[in-house]
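Chemist: Residues per chain are reported as follows:
Protein chains: 2
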Amino acid sequence: MFGAIEAGGTKFVCGVGTGPADLRTIQFPTTLPEATIGRAIRFLQEESGGELKAVGIGSFGPIDLHSASATFGYITSTPKAGWQNCNLAGAVRDALAVPVGFDTDVDAAALGEARWGAAQNLSDFLYLTIGTGIGGGAIINGRVLHGLVHPEMGHIRVPHDLVRDAYRGCCPFHGDCLEGLASGPAMQDRWGIAAQDLPADHLGWTLEAHYLAHGLANWALTLSPQRILLGGGVLRQSQLFGRIRHDLAGLLNGYVRATEVIRDLDQYVVPPQLGDRAGVLGGLVLAEHAYTRLDRE
Amino acid sequence: MFGAIEAGGTKFVCGVGTGPADLRTIQFPTTLPEATIGRAIRFLQEESGGELKAVGIGSFGPIDLHSASATFGYITSTPKAGWQNCNLAGAVRDALAVPVGFDTDVDAAALGEARWGAAQNLSDFLYLTIGTGIGGGAIINGRVLHGLVHPEMGHIRVPHDLVRDAYRGCCPFHGDCLEGLASGPAMQDRWGIAAQDLPADHLGWTLEAHYLAHGLANWALTLSPQRILLGGGVLRQSQLFGRIRHDLAGLLNGYVRATEVIRDLDQYVVPPQLGDRAGVLGGLVLAEHAYTRLDRE
Chain V
1 MFGAIEAGGT
11 KFVCGVGTGP
21 ADLRTIQFPT
31 TLPEATIGRA
41 IRFLQEESGG
51 ELKAVGIGSF
61 GPIDLHSASA
71 TFGYITSTPK
81 AGWQNCNLAG
91 AVRDALAVPV
101 GFDTDVDAAA
111 LGEARWGAAQ
121 NLSDFLYLTI
131 GTGIGGGAII
141 NGRVLHGLVH
151 PEMGHIRVPH
161 DLVRDAYRGC
171 CPFHGDCLEG
181 LASGPAMQDR
191 WGIAAQDLPA
201 DHLGWTLEAH
211 YLAHGLANWA
221 LTLSPQRILL
231 GGGVLRQSQL
241 FGRIRHDLAG
251 LLNGYVRATE
261 VIRDLDQYVV
271 PPQLGDRAGV
281 LGGLVLAEHA
291 YTRLDRE
Chain Y
1 MFGAIEAGGT
11 KFVCGVGTGP
21 ADLRTIQFPT
31 TLPEATIGRA
41 IRFLQEESGG
51 ELKAVGIGSF
61 GPIDLHSASA
71 TFGYITSTPK
81 AGWQNCNLAG
91 AVRDALAVPV
101 GFDTDVDAAA
111 LGEARWGAAQ
121 NLSDFLYLTI
131 GTGIGGGAII
141 NGRVLHGLVH
151 PEMGHIRVPH
161 DLVRDAYRGC
171 CPFHGDCLEG
181 LASGPAMQDR
191 WGIAAQDLPA
201 DHLGWTLEAH
211 YLAHGLANWA
221 LTLSPQRILL
231 GGGVLRQSQL
241 FGRIRHDLAG
251 LLNGYVRATE
261 VIRDLDQYVV
271 PPQLGDRAGV
281 LGGLVLAEHA
291 YTRLDRE
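Protein chains in written order, with this note's numbering: chain V, 1 to 297; chain Y, 1 to 297.
What the hints contain is simulated information worked out from the structure, not anything from laboratory work.
No experiment lies behind these values; they were computed from the predicted model shown.
Where hints are given, some of them may not hold.
Unchecked claim - Label-pair ranges, simulated between beta-carbon atoms:
{"no.": "1", "chain 1": "Y", "residue 1": "Met1", "chain 2": "V", "residue 2": "Asp22", "range": "24 to 30 Å"}
{"no.": "2", "chain 1": "Y", "residue 1": "Pro185", "chain 2": "V", "residue 2": "Thr31", "range": "33 to 39 Å"}
{"no.": "3", "chain 1": "V", "residue 1": "Asn121", "chain 2": "Y", "residue 2": "Ile262", "range": "35 to 41 Å"}
{"no.": "4", "chain 1": "Y", "residue 1": "Glu51", "chain 2": "V", "residue 2": "Arg143", "range": "33 to 39 Å"}
{"no.": "5", "chain 1": "Y", "residue 1": "Thr76", "chain 2": "V", "residue 2": "Gly50", "range": "55 to 61 Å"}
{"no.": "6", "chain 1": "V", "residue 1": "Ala194", "chain 2": "Y", "residue 2": "Ile262", "range": "32 to 38 Å"}
Unchecked claim - Heads up, simulated SDA-like pairs for lysine to any residue below, C-alpha to C-alpha not over 25 Å straight-line:
{"no.": "7", "chain 1": "Y", "residue 1": "Lys11", "chain 2": "Y", "residue 2": "Ser123"}
{"no.": "8", "chain 1": "Y", "residue 1": "Lys80", "chain 2": "V", "residue 2": "Ile262"}
{"no.": "9", "chain 1": "V", "residue 1": "Lys80", "chain 2": "Y", "residue 2": "Asn85"}
A virtual CB, placed ideally from N, CA and C, is assigned to each residue, including glycine.
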């Protein structure tokens, strides 16, 4: 039995189990670290009856993923009050005395979708979430891409359509980067209406598809994924999928010569299959990885 | 002893040897496939005295890298006359009867730099070439990123600075994608002067650094490389490095929290160390990979 924590900036989701058919979860708001992490630890202890083999954590960031680093397992320079330099993985490991796997929230969700969802049997794919922020996790040759730190894909620059869109963008670091133009808060800020309340025929959705397609095109050309999973609150407007695929096809313009991209775009850009449970299920996969690594050492 | 072929759209470079200190090369113009490939094969045969263990090919593309595909080892949909559906790897394998490794020209160069050049001991880095086209090869977790086809990074969209630059871009597929705005032919077409003849204080270099920095920022945020190697004909204008680093720092604006990117940008964006020999030396690495794989089977 494994434990999982999806540590989000707004809420924590914790789970105990072995997979989608055997998963007991709880969720609660993210307050200050001690209380929030304490609550997660208590749930994992009580729900497992002390039988956990390992715990996996998918966390909001930025986080330190370098196992050789003195701050490995920390949330580092987040703007979220109280959470800077928070030793999240260490607190869980110390309390539960089991191996702890640690990765970004989007990497965890990608691993969950790879095991049980829309990315099964793929060696190379991209998991994206479009909501409060825009984040991406990439699996390359069957392994999570971390690199120097971890990707921050939402902050790429794409052409800003100044003819139709005078909005300056809301990213405090970059103004009109993709997240600054196309995250949920950007839509709210630009139109004065929350994304979920914008009518389906509003110009906002046309622009949203336009910008997201630019992001997808850039990532498709850079990462050459076998599939792109596109989730998050903004995508609850499911009409967006058709528009994004249409704009993406126009942007690529036949250049990527693969039937998956030329002909079968509706199988190439897809929603995740695990919905809101992708992150916590991915936590189980991270727990298993941590357990197996220990086993090998 | 291994053989290597760097198959470019303009010229072929062939080599025989074991590394930078032991490499005999020849180069000749790319004409039609039969004559060009035949010449490469003859060189490899004669120069090795029939003692080759394997050959590695880094090729212009697009190419088919899927070992299970019926057209594995082919150059596929290139616009270059005569080279469509050309079985490059097969022709070499049939003539020389040794294992043949096959990858893109930029992936080969990346592998060469990883073994002997500016990317030694890195698990995650990006090799870029800015010349007739813009191409990138990525090493992720120590392995080449191929994915669905292979990356075509040069064709990402970045913001087009229409205030300073009315040029429409020269990419036949995408107009003002990065390659359409910042390749060597784009500079020639925009200013009516070849890139190497533009004065160092020309606006063209300011724009060139601006666009390339946008590409580098997007790739840094997407791939999280430990280093970016930046080569190709356009970068012979070495003043570009300082300008690109300056613009890149402005674009990232402190968001990627790593000393490598915040403080040590002159060690983060660097020229390749193997110069014009990166591709052919990478061919030796591909040959070794092909030989070792055979050994294991």
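Chemist: Now tell me if each hint is right for this structure.
Modeler: These are the hints, each one checked on the structure:
1. Y:Met1 <-> V:Asp22: 24 to 30 Å: violated, 57 Å
2. Y:Pro185 <-> V:Thr31: 33 to 39 Å: Distance hint for Pro185 of chain Y, Thr31 of chain V is violated at roughly 57 Å.
3. V:Asn121 <-> Y:Ile262: 35 to 41 Å: For Ile262 of chain Y against Asn121 of chain V, whose Cβ atoms are near 39 Å apart, the range 35 to 41 Å holds.
4. Y:Glu51 <-> V:Arg143: 33 to 39 Å: holds, 37 Å
5. Y:Thr76 <-> V:Gly50: 55 to 61 Å: Holds, since Thr76 of chain Y and Gly50 of chain V (Cβ atoms, about 58 Å apart) stay within the stated range.
6. V:Ala194 <-> Y:Ile262: 32 to 38 Å: holds, 35 Å
7. Y:Lys11 <-> Y:Ser123: Answer violated: Lys11 of chain Y to Ser123 of chain Y is near 30 Å, above 25 Å.
8. Y:Lys80 <-> V:Ile262: Judged against 25 Å, a Cα distance of about 21 Å means the pair holds.
9. V:Lys80 <-> Y:Asn85: violated, 54 Å
In terms of the numbered hints stated before, the structure departs from hints 1, 2, 7, 9, listed from lowest to highest.
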